[in-house]
Structures are given as C-alpha cells and as structure tokens.
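Undergrad: Each chain, letter by letter, is given below.
Protein chains: 2
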Amino acid sequence: MYDGIKGFRDFYPGEMAARRATIDTIEDAAHRYGFREIGTPALERAEMWTDKSGDEIVEELYAFEDQGGRHVTLTPELTPTVARMVVAKQQELSKPIKWFSTRPFWRYEQVQQGRQREFYQTNVDIFGSSEPEADAEILAWAADALTDLGLTGDHFEFRISHRDILGGVLESYETDVDTTEAIRAVDKSGKISTAEYHDLLVEAGLSYDQAAEFDELIASGDLEDVESFADTERVTAAVENLQHVLGAAEDFGAREYCTISLETARGLDYYTGVVFECFDSTGEVSRSIFGGGRYDDLIESFGGQPTPAVGVAPGHATLALLCQRAGVWPEEEVTTDYYVLQVGDTRAEAARITRELRDRGHVVETDVAGRSFGAQLDYADSINAETVVIVGEQDLANDEVTIKDMESGDQLQTAVEEFPGDRERPTYEDFA
Amino acid sequence: MYDGIKGFRDFYPGEMAARRATIDTIEDAAHRYGFREIGTPALERAEMWTDKSGDEIVEELYAFEDQGGRHVTLTPELTPTVARMVVAKQQELSKPIKWFSTRPFWRYEQVQQGRQREFYQTNVDIFGSSEPEADAEILAWAADALTDLGLTGDHFEFRISHRDILGGVLESYETDVDTTEAIRAVDKSGKISTAEYHDLLVEAGLSYDQAAEFDELIASGDLEDVESFADTERVTAAVENLQHVLGAAEDFGAREYCTISLETARGLDYYTGVVFECFDSTGEVSRSIFGGGRYDDLIESFGGQPTPAVGVAPGHATLALLCQRAGVWPEEEVTTDYYVLQVGDTRAEAARITRELRDRGHVVETDVAGRSFGAQLDYADSINAETVVIVGEQDLANDEVTIKDMESGDQLQTAVEEFPGDRERPTYEDFA
Chain A
1 MYDGIKGFRD FYPGEMAARR ATIDTIEDAA HRYGFREIGT PALERAEMWT DKSGDEIVEE
61 LYAFEDQGGR HVTLTPELTP TVARMVVAKQ QELSKPIKWF STRPFWRYEQ VQQGRQREFY
121 QTNVDIFGSS EPEADAEILA WAADALTDLG LTGDHFEFRI SHRDILGGVL ESYETDVDTT
181 EAIRAVDKSG KISTAEYHDL LVEAGLSYDQ AAEFDELIAS GDLEDVESFA DTERVTAAVE
241 NLQHVLGAAE DFGAREYCTI SLETARGLDY YTGVVFECFD STGEVSRSIF GGGRYDDLIE
301 SFGGQPTPAV GVAPGHATLA LLCQRAGVWP EEEVTTDYYV LQVGDTRAEA ARITRELRDR
361 GHVVETDVAG RSFGAQLDYA DSINAETVVI VGEQDLANDE VTIKDMESGD QLQTAVEEFP
421 GDRERPTYED FA
Chain B
1 MYDGIKGFRD FYPGEMAARR ATIDTIEDAA HRYGFREIGT PALERAEMWT DKSGDEIVEE
61 LYAFEDQGGR HVTLTPELTP TVARMVVAKQ QELSKPIKWF STRPFWRYEQ VQQGRQREFY
121 QTNVDIFGSS EPEADAEILA WAADALTDLG LTGDHFEFRI SHRDILGGVL ESYETDVDTT
181 EAIRAVDKSG KISTAEYHDL LVEAGLSYDQ AAEFDELIAS GDLEDVESFA DTERVTAAVE
241 NLQHVLGAAE DFGAREYCTI SLETARGLDY YTGVVFECFD STGEVSRSIF GGGRYDDLIE
301 SFGGQPTPAV GVAPGHATLA LLCQRAGVWP EEEVTTDYYV LQVGDTRAEA ARITRELRDR
361 GHVVETDVAG RSFGAQLDYA DSINAETVVI VGEQDLANDE VTIKDMESGD QLQTAVEEFP
421 GDRERPTYED FA
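For the record, the sequence lines run as chains A and B. Following our numbering, the numbering of the first sequence begins with 1 at its first residue and continues without gaps. Following our numbering, the numbering of the second sequence begins with 1 at its first residue and continues without gaps.
Only chain A is shown next, with the shape it has when bound in the complex (with noise of 0.2 Å):
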C-alpha cells in the first residue's frame, strides 16, 4: 500500500463537488467579463525563476534535471508562464489581452491550513493597458466572483494601496532609509508589536520620532496627508492613480469592497502600481486570501514590448476557508435525479428509462452490479438520488413502474410508456 505525498491532496466526489461549484462560478464571471481561458504547462524552465525572482521563490521550487539535459521546474506561479506567452505571439494577439486559467501551481513549502504544496489559483490577467480602468476591472471581477459565491461586503474587503506610495514616503525623508527593509517591517507590522515594529524601522534608517510620525501616518490611510507629507512627484502621481482606480471601481461596482490600507506591500518583487489583497472582514481566517496588482515591468523583463499588466489569483484553499467561514461553502455532497432500481431481469426497459431521463440531461444512475433490491436502495441513498425509479418484473408484467421519492419514501405505480413520457423532469409529484 502506497501513501499520497504530504502537501498533495486528493479530492473525493463530496469535496470535490464542492470546490467544482466554487471554480465553475470563478470562471462563469470571468467568463462574463471577456477574460478568456487560456491552457499552459506544467513544467517551465527552472531559469524563468533562478535568473530574477526572490530568494524565497527559488528555495520552493520542485525544481530537476529532465532526460534531456533541461533544468526544469514544476511551475509556482503562472505570471513568468504568461509573459512568455505574450511575448511569443505580441505582434498578433488584440489588445487589451485578457486572459484566465484554473490549475495548480507546485512550492515545496510548510504544510499548515489553507496552504499545500500542491495548490489551486484562478489567475486572471489584463495585458496591454495603463488605464486605471483595468485595475478597476480587475477589482470588480474579484468583487462578483465573490458575492457570485454568495459572499457580501460583511464576509470580506480588499485591502488597497499603490507600490509607490509606502517607497515615495520613505524616500522622502533626509535620512538614508533602507527602503526595502523599511517595506519589509510595514508588511510585519500587523504581526508584530508596535515596539517591535517600531524597532525595525529604525534599524532601517529613521530615528524613532521618525518611526512614529511614519507609522501614524501609514495607519490613518489618509491620502491627502501622505502626500502633503512627501510633497514628491512619485507620491502625488500614485495617489492620484489610487483615486483614479477607486473612481472607476465605483462606476464598476467594487468601490465599496475596497478600503485604503497602506501596510499593504505584498510580497512579490515584480508589482509597479496598485496593489491589493482581500481578507475576511472578521479577521477570522486572518491572513490574506489572496492579493493582486499591477506589474508593468514583467513582459519587458521578459524580452518583449513594454506591455502594462494587472491581474489577481484567488488561491482555492484560502478561498474555501472563507467561504466556510461565511457559511457559503457548498454542500460536500453528490446529488443524483435518478436512480433506476432493477428487480428481477428488466435490463432492457431499465436500460430503456435511463438513457431517455440521461437525454434530458439529468444525472442517472442503474444498476451495474448485479446488487438486490435492498442494496441497491441503499446505494440510491447513498448518492442522494432524489427519485427512484423501480423497475420490477412484476411491475412490468402490469405494462407499470414504481416511482419512489427518496425524500418522503413515497411511491406510487405508473404506467411504464408514460415514464419519462414527454416529461422533462418526472417526478412522484408529477403522477400523484
């Protein structure tokens, strides 16, 4: 007997039912918006990560030799995959590009709740425009997706603030501030005392009156402050350019899922310009769910045009965990319309009553074992079937059949040519 692999999961039928419904409404509203799916590998060249991206990437990666000499790795990430991909085919693919894909990405991380070494993301991406309407677009399609799924402004808020603004702040000061490790400390902040907190930003160049002065004025979010504060370009352009998003995310809908956070930093080296990350309001599953922004440098670094770029990649685990928390998370169930019961031998008009209700689309299950009556009512138990259909030789030497709701337990003869008839979804109602 073998075992799984830690950090890589199987998903039986109830499970996965559930975590089919929440990508099928995913997709349907990126769908809705135009994104287009897109199909990409599962093995990269190692080299799309070891040459640019950070450290703690490169450490996870499921990373070897193939047969053919090649250094290859199991795929982290989408975002290199697709700045490949426009680069290959920039000259004839129509702007705005707007793509998505649901697939598992590979780190070789710690296993906790919500986070496997095999891992599920709906990425979607807008390639092509600088506007502030694609940020706003994006953040209205991660706003429907989510009530899509049943959640509301109580369940959830992103969680916004714009790359150049935490680095136009720290800049403007007269001291030499390192600014990546003054990022570093914001992004630990909320994990952190403010002692602490206060600590690394000082050994990140500020003196402490600095450091409070900084951390009051980051924590009010307020923009018109900030930038009166740096009183630079970088920061009055990104403000402005916030506002923009947010002004046209309320055209779009998602304004009032959105609140200005100026800790907000992520992690990923490659973001430019808004940047966003959604938590559960309650601050219940309390790390981030999963975050999105604006890379404009990535296709350029890639080798080709300076293209923009704004996207989002809800991950399916930490999604789940809000969902469940919201109490939105679908039934861990299968659902069944039919189940065709065989008594005696009555294969054929049982064989004949289940493709005319699989015609109709419904989900039918008969009898493949050989099993008895009563095994085989509980097997139509055991997949929720809603209806059950007993086709017995008795029954049949009557020209009837049995229609049995599994619900009630109530059942009642009808005649075999009416079943299903020109019914589209008999039911025990339908001949009561």
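Rather than coming from a laboratory, the hints here were simulated on the basis of the structure. Incorrect hints may appear among the rest.
In this list, chains with the same sequence are indistinguishable; a pair is considered to hold if it fits within one copy or across any two.
As the list claims (entries may be wrong) - Simulated crosslink set (DMTMM-like; lysine to aspartate or glutamate; CA at most 25 Å straight-line):
id, residue 1, residue 2
1, Lys89, Glu118
2, Lys191, Glu157
3, Lys6, Asp66
4, Lys188, Glu171
5, Lys6, Glu118
Fit chain B to the known structure of chain A by using the hints.
TA: Only chain B this time, still in chain A's reference frame:
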C-alpha cells in the same frame, strides 16, 4: 526571452475554447452517467510505477528526488492513483465507485502529431462490479461522449476483445509457446507484413503452419470458431463474458459501435478481461484514439480488498485529431455577446449597461484601455462581438445609445433607459 519546453504546449484562447467545449461535452456525459469528479495530485511516489509497471513506462517517467528526499514522479497515468485512493477509503466508499477526472499526465516520449510529453486525458472508471453491465456502461459512456461531440458510427469504432482469448488460444497449443511474445506479435500485426508477422509467431514457438492457422482464426474474429478451436475453460469463459458484455452494450445503445477484433491486446499489463480500443473507422488516423478495459487485480496488488474494476481514458490530443478528420472539431475562436463602446466621457453609463448585460449571463467587454472609436471597433471585431453598444456623449445628450449588429453592420439608435431594459438578450433585431 524564454522558450517553452519541448512536448509541453501552450493553448491560446481560440484553441483553448475548442478544447474546453470538447472537455465540457465529454464531462457532461460522465455526469449524466453518475460518474463523480475526483481531484488527484500531479506527483506521486515513483515506486508506484517502478515497483511493478513495465519497463517502457518507467523509462518515460519524469521522476526526481524532492527536497524531503522522496523519490517522486509526475504521474504518467491515473490508474495507480485511483487505486491508491480506493484502497485508502475502501470501507467508507459505497460501491460501485464511479469516478471521472480530466487532467494532464506526463511521459518523456518522442514528440509527434497527437503525442506530446504533457497530455490530457479524461479517465472514467467503475470499481466494485465484475458484472458485464459495468464493462458495457463504460462502452456506452464512451459512445455517448463521442456522439455528443458530433461523431457517428461512420467515424469511429470500438475494437473489442477479451484478454483471455489470445492467451487461451496460444496456451491450447501442445507446443511450448511464449505467450507474451506471441501477443506482442499480434499487437504489431497491423503494422508489419504477413510474412514478418508469421516469423514473429514462429519465434514465439509456433510452426509456420500453426502461425498461418492462428492468424486466420484470430483475424476471422469468429467467437464460436475460437471457442471450439481452443476447447478450454479459459477461452470458453472469456468468449461467454465478451458475449455478455456485448449483450449489455446492446441494451445500453453501444453495441452498434463495437466490432469484435481479437487482435486487440492493449499494451498495459494490468488488464484482465474485456479490452477495447477506439479507432478512426476510415483509418485516416491510423493509431488507436484511446483504449480501456477491465483490470480486476490492480486494487488488490495495491494492498486493497479484491475489487473488480473497468475503465477507459480518452486522450484529448488523439480525440482532437479524430474530430478534426471528421469535421466536427469546434471553431477555434473566442465568442463575445456584446462590446460596449465608449465615446467621450461616458464611462458611468457604459459601466451600467455592461453590468446589466453581465448580470444576465452574457459575455461582455468594454473599454479598459482608453482607446479611440476605431481601435475599439477593431477590437470588438477581433473578439467576434455579436452586438456593439455604442455609448457616445452626443447620443447620451439625447438619452440614446446606438446598437450595431456586427455581422450586417446595421445600426440604429434607441432610448438609453430601454437598454437592456427587461430584455434578456437584446440585439439589433429587437429594435429594428
């Protein structure tokens, strides 16, 4: 600039739309039959193949050592994984277990038309029934999936046999025959000359007279002749089982697609009963499109209770070749219901119309890139928009919008408050 890896394909939206339509059709058929979707990992312990599979598949593994020192492999097929999953929950799962999934697999093979190193399959299996109805249900599902794709009996056939017929006939010779070698010869017989075929049979232990006689007997596909020639319990039981499966297939509507073909041996070692392969009836696609069969011993070999099993796994690359050859492959293009075109500062009203149309479930794009009228119209054309709704400043001043039918080029104005109004899917025709 980075390249993708040989044998790993990128699917851009047009081709992906055709693939998705195909996968949806196949999976919808699986749903109607009551097969339940499962989710399975990309990586498994390599021992699941190196312990017992044939040399060929082991040589083709993408195997490596992970950071935890585990000897892992990208999965080259699904069957060992589902066997592992059945064994892990053997007691709780109600039987028969009917599972399906669509996902990629990986083998380091020679790349050729219809064969990539990353390839997609829809696996459909029944565990827990040794009855011929289970084999027939697999055949019936495959037939329904293919006819749902628009294929007919003129396009495909299932060549069906039973694993024990060839072996049993060879065993019935008094001379000492190497059965494995002889079956391998039969497997090759379609691709080599008769003389070469007979030479291989002689190498396996038959005389030339016996080789000719054996060739004629097997090629005839006459089950009665085969049964009386061998005159052993093993062959009699195999013939009887095959006939029962065909009888059930008749009731299930799949018999018409089945041709008895005793040359059909299937490469994989784990088959134990009925085996079949789907072929292009015209022979234009010369290789097998996909195959399946019964593998009753596999679950036990994975440490589980003896559990009969039967399954099939259409591969999407060869299936695409068949559909293209038959002229039923979907158009490789994206479709769009509406493009909402903005002229001047009309974002709020355009957004209102866009949202209302999306709420009705339509695929709707609008400008997120600040493009000109002409550029937006070109873009709408490139995404095959059916209707363009032009929201212009001047029209809006008159409380109007313009509805343009993209096929005819016809357009007209209508009152903005009436669009979309209470119409589910308003087009030019509704206002003309």
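Undergrad: One pair to classify: Lys191 and Glu157, alpha carbons no more than 25 Å apart. Within, between, both, or neither?
TA: within (19 Å within a copy, 63 Å between copies)
Undergrad: Could you place Lys89 and Glu118 in one of the four classes (within, between, both, neither) given a Cα distance threshold of 25 Å?
TA: between (29 Å within a copy, 21 Å between copies)
Undergrad: Since the copies are identical, ignore which copy is meant and state whether Lys6 and Glu118 lie within 25 Å (CA to CA) inside a copy, between copies, both or neither.
TA: For Lys6 and Glu118, both the intra-copy (9 Å) and inter-copy (24 Å) Cα distances are at most 25 Å.
Undergrad: Give the relationship of Lys6 and Asp66 under a CA distance limit of 25 Å: within one copy only, between copies only, both, or neither.
TA: Both, since 23 Å and 11 Å are each at most 25 Å.
Undergrad: Indicate which option fits the pair Lys188, Glu171 if close means a Cα-Cα distance not exceeding 25 Å: within, between, both or neither.
TA: Answer is within; shortest intra-copy Cα gap is 20 Å, inter-copy 73 Å.
Violation of the numbered hints given earlier is absent; every hint is satisfied by the structure.
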